[in-house]
Structures are given as structure tokens and as C-alpha cells.
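Chains A and B, in that order, give the protein sequences. The first sequence begins at 1 in our numbering and counts up by one. The second sequence begins at 1 in our numbering and counts up by one.
Derived lysine-lysine pairs resembling DSS-like cross-links, with alpha carbons at most 30 Å apart:
#1 A:169 to A:211
#2 B:46 to A:328
#3 A:67 to A:303
#4 B:95 to A:211
#5 A:219 to B:46
#6 B:168 to B:131
Hints listed in this document are in silico derivations from the structure and should not be mistaken for laboratory results. Note that the coordinates shown come from a computational prediction; the quantities given were computed from them, not determined experimentally.
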Amino acid sequence: MKKWNLYTPEGVQDILFTPCAFKRELESKIRNAFRLNGYMELETPTIEFYDVFAGDSGLMRQESMYKFCDSKGRLLVLRPDITVPVARIAATKLKDKDFPVKCFYIGNTFSFDELGGGKQNEFTQAGCEILGANSPEADAEVVAMAINTIKATGIEEFQIDIGQVDFFKGLMEESGLKKDEIEEVRELIDLKDFVGVEQVMDRHNVKTELKTLILDLPKLFGSKDILETINYNHIGKRAANALDNIKTILDILADRNLDKYVSIDLGMVQSMNYYTGIVFRGYTYGVGFPILSGGRYDTLVSKFGRNLGATGFSMGINMVMMALERQKKLSNPVKEGCFISYEEGARKKALEYCQKLIDKGIPAQIDFMLKGVDEGIEYAQRKGLSSFVYFYTDGSRKEISL
Amino acid sequence: MRYITIALSKGRLTELSIDLLEGAGLDCSELKSNSRKLILSDHKNKVRFFLAKPADVPVYVEYGAADIGIVGKDTLLEEGRDLYEVLNLGFAKCKMCVAGPKALEGCMDTVQISRVATKYPEIARMYFRRKRKESVEIIKLSGSVELAPLVGLSDVIVDLVETGRTLKENGLVVLDHIADISARMVVNRVSMKMENERITKLIQAIRAQLK
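Given the sequences, and given the hints that come with them, work out the whole structure.
Here it is, written out as C-alpha cells:
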């Protein structure tokens with residue numbers, strides 16, 4: 001019995017005319033922004049081997065991927081992101097002389113995550129990566145690109161928060177906590193759970209200054225002044241380098257006049273475990289989730305066999321559309337196009353006229369119901385067209401703008 | 001200025017939550033007026049409030065429909081939402097425990113538990129998977145969970161224990177302690193960034209009353 005033939009599966013959606021037109025326009029604005037900044041577009045397959053995303057460190061949660069088999073019984077997935085496939089390409093398809101590479105993509109990704117608030121199981125991501133560059137300049141370039149991409153979408157009020165995963169890792173090295181405890185602290189800090197962090201630290205004999213700093217981590221966000229409040233004496237070399245790195249990146253962004261969009265969050269220790277340097281997220285009003293996220297991931301490419309620094313970000317197009325809608329920035333579709341109808345005997349003339357408009361690049365469509373002037377006008381109005389032309393048998397024509 | 005929206009848990013947390021918000025200088029008179037309106041406002045401070053079932057509060061906050069929520073840690077653990085947990089409000093204190101017949105006391109390390117009844121299936125599943133490395137059958141109940149081991153529905157229960165009186169009167173004992181529970185203040189991740197100044201001020205005003 002056919003039971004599900006009328007429905008689409010959970011978390012996927014049909015996108016009809018107006019929102020679809022809007023989405024295409026948004027994508028083309030983003031594509032244009034990337035191109036203007038020298039990024040080259042690439043496409044990766046929608047399906048990949050499960051192993052690409054699984055790996056030993058578990059880049060993606062197994063249960064959040066759509067899985068199926070190929071004809072040889074090998075496990076496949078619908079890509080849950082495009083950064084990992086790009087890392088695979090960087091390691092296997094590109095030549096040494098190609099680097100550094102600046103590339104971007106716009107494509108659909110899939111995951112079984114919780115739905116709602118703009119989250120879907122199939123969602124479009126637009127993102128870029130810089131492969132083969134280890135400098136803070138490259139990191140600043142990616143953050144700047146993120147800012148420019150958001151601006152290109154029409155969102156005006158937004159904020160980019162920058163963190164540094166090495167800062168946290170460095171502090172943990174100094175603290176001497178065990179691996180599973182570090183993971184526990186990371187989760188607690190990520191939730192800004194001040195109480196929980198304190199409970200874990202109390203179980204250990206950590207130096208007072210260091211302990212205070214770790215307890216403060218969930219609070220270490222805001223303007224860049226917080227970087228100055230940290231005393232370098234107790235944090236160890238790795239964390240100190242991380243702070244210097246973030247400062248350099250902020251200086252470069254200031255030279256680009258983009259510092260007003262940026263703030264700091266040293267407590268940003270998100271669970272995507274492939275990040276190795278700065279991490280950042282973009283926020284705006286109207287949606288409860290970040291609209292983009294990114295960072296440096298120097299060890300990801302090496303999982304595919306090439307040692308290569310990389311940095312990038314990806315933006316959720318559906319989330320951006322929702323933000324624009326909530327911020328009332330979805331522009332009404334512009335009236336354009338001509339509707340052409342005719343009296344019996346004037347067909348050839350009408351068809352020629354229609355083709356002439358199309359050749360000139362003006363949207364035009366010919367009537368195939370032929371119910372006269374009034375119904376023709378009504379149809380053209382209903383479809384949001386801007387003009388109506390009617391051809392009479394005697395060769396005359398009537399033009400009406402709508 | 002935008003309105004900041006606060007979701008409060010309907011029930012035993014409501015009154016104490018309102019006291020804290022009033023203490024922080026918000027006008028909760030509309031909230032206390034027993035009105036039928038679902039959304040109540042303090043127009044001067046540009047704050048809106050609504051009451052929701054406790055289990056729904058983290059959902060509203062995660063999706064950004066509310067910027068701030070006040071809810072029990074039990075609900076937060078059970079729902080597992082992606083939120084900032086910024087304050088332990090300290091009231092409505094109790095413990096999430098494993099409880100069962102007295103015969104099991106002291107031999108939890110040697111027995112195999114196979115069935116657990118609870119109102120908190122996620123917390124129970126987490127505890128047995130992580131701490132005991134056991135795959136157990138979880139039976140979800142809606143109330144009077146203490147009944148389950150008495151009538152043979154389950155071996156043990158996972159439930160909130162406040163005074164322990166109900167357990168005692170039914171011959172049950174606490175077998176293990178899972179977590180300390182109390183009311184918490186949670187904030188949406190984006191709101192915390194976009195409205196940082198106002199929310200931080202509110203957090204500080206509430207924290208000052210807790211001391």
C-alpha cells in the first residue's frame with residue numbers, strides 16, 4: 001500500500017517560486033562576493049564513502065549521517081559537510097605547485113540533526129577554504145571574507161566571535177588534567193556552566209592563578225580588551241602563542257577596517273574537533289543559531305595524507321534566509337515581464353513580437369488560453385508581470401502597463 | 001531597543017523566579033496579576049515574559065524564541081539542549097538518584113540491572129551507558145515512579161529525591177547519586193552575543209541577590 005506518496009521525508013522541503021527565486025539571488029550574491037575576492041568555485045559529489053567522514057577521531061557523529069551501500073556493499077553517506085571533502089581533494093587531487101589555493105563551494109549537505117529554528121536535514125551551505133597557508137594573514141583573510149559574505153546577503157547587524165582552541169588546549173596542558181576530564185571541562189565551558197567547571201577543578205590541585213583563569217574561561221568573551229586582562233605568567237607557552245595569534249589577526253582586521261564587527265570569545269571550545277587554531281562564528285538577530293562558523297584546521301588534510309595548513313568557514317543559507325525574513329529584509333519580487341495575447345489571425349505577429357522581447361533579454365510569454373483582453377490582463381497581474389500586449393486581426397495592438 | 005524575552009517554568013519554580021526578577025529591578029506586576037494573557041510585558045525595561053511547561057523552556061531558549069529561561073537542572077539534563085547555563089539560582093534543590101529496594105544497597109557493583117523506570121529516560125540512559133556501561137531497558141512513566149519496583153515493573157528507578165520520605169515509606173533506598181539539581185538560568189547562544197550588555201547586567205543583578 002502506498003502510504004507515503006503524498007509526503008516528503010522529515011527535514012527536507014520543496015522550495016517554491018518566490019522563496020526559490022530569492023534563494024537563487026542570495027546564492028548569486030554570495031558567489032559573486034567569493035569571485036570578487038579571488039576564490040575559485042568547486043563541486044564535490046553529493047555522496048562520499050563513509051570512511052571520509054568517520055576516521056579514527058570521528059569527525060562527524062555516526063548517527064547524524066545518512067548512510068547506504070553501493071553495489072559492492074561499501075558504506076556510503078550523503079555528505080554532512082563540504083569542508084571534509086575539500087580536505088580530501090586538497091590531499092589527493094591538487095599538486096604541490098597549486099598551493100596556496102583559495103576555493104569556495106555552494107551545495108546541499110545532509111544530516112539527521114534536530115529540526116526547527118531554521119534547521120533542516122537537507123540544507124545549503126556556502127563556504128570557502130584557503131589551503132596551504134599557515135599565516136595569521138590567511139586567517140584574517142577568511143574572517144574578512146566571512147564578514148563580506150554576510151554583508152553581501154543584505155544582513156547589516158551581525159557579529160563575528162573569534163576564539164582560539166589552542167588557548168584552551170594550552171591551559172589544559174598546564175593544568176595536568178586527564179584526557180576525559182579535559183573533555184568534561186571543554187563541554188562545561190562550551191555550555192558556559194560556571195558551576196560545573198568549578199566542581200571539576202575542585203577535584204584537582206591546580207595552581208591558583210591557572211585555576212582562576214580556567215574558571216573564568218566561560219566569562220572571557222566581549223571586546224578585545226579582555227585579552228589584555230590575561231597575565232601571561234601562568235598560562236604556558238602554547239596558550240601564550242594562541243593569544244599572540246589572535247591579537248595579530250585582530251590587528252590585521254583593524255587595518256581592513258573590519259574590527260567593529262569582531263569580538264572575542266575565549267570560551268568558544270566547540271565540539272567540532274578538527275579545529276586547531278582560531279575558530280569563529282557569525283551571529284545575527286532573528287535566528288537562535290549561528291549563521292556561519294569556521295576556523296583553522298591544520299590536521300584535517302593530513303588525515304588524507306598530505307601535511308597542509310588550512311582555514312575556512314561555511315555559512316548556512318537556510319539560516320541566513322530565515323534571518324532576512326525575520327529582519328523583514330526579504331524584498332518583494334520586482335514586477336517584470338510582458339504577457340502577449342492575440343485575436344485570431346494575429347498569431348504570427350504576436351509570436352514574433354514575443355521572441356523579439358526575449359532576444360532583447362526582456363522576459364516575455366505568449367498566451368495559450370486566448371480568452372480575450374480582460375482575462376489576459378487578469379492573468380498577467382496574478383503572475384506579477386509588468387505589461388500586457390494584445391494583437392488584433394487588423395494589425396493594431398494594445399499595450400497596457402500593469 | 002528590542003524586547004528581551006524570558007521564559008519561566010510553570011509550577012514550583014514560578015514564584016521564586018519572579019522574586020529574583022523583581023529583585024533585579026524588573027516590573028513583574030503583569031506577571032503576578034493572574035491574567036489569561038500568555039505573554040506579559042515590562043514595557044519600561046523592554047522585557048517580555050511567558051510561562052511554559054518546564055520541559056519546553058529549554059526548547060524555547062535553544063531556538064531563540066526566548067532569550068533567557070529559568071528552569072530546573074533536571075530538565076536541562078533530560079533535554080540536552082545547546083544553551084548557555086549561566087547561573088545556579090540555588091533554589092528548588094534536590095538530587096537526581098538511582099533508588100531501589102533495600103536488598104540492592106551496597107551491592108550495586110555486583111548486580112546487573114536490566115529494567116529501570118523513570119520520568120527521565122535520557123538521564124537514566126546516560127547514567128547507565130556512561131557510568132555503568134550497561135544497556136538497560138528504560139520504562140518511561142509519568143508519575144509515582146516509586147511504584148514500579150514495588151509491583152515488579154522495574155529493578156530500580158531514576159528520580160528526583162528531595163527529602164527521601166516517599167522512598168523511605170515505601171521501603172526504597174537511594175543506591176547512587178547522579179547529579180545535584182537546582183533551578184538554573186539559561187541563555188540562548190546568539191542572544192548572549194547580540195544582547196550581551198543587557199543580559200550580563202541582568203545576570204549580575206540576579207547573582208547579587210544570591211549571595
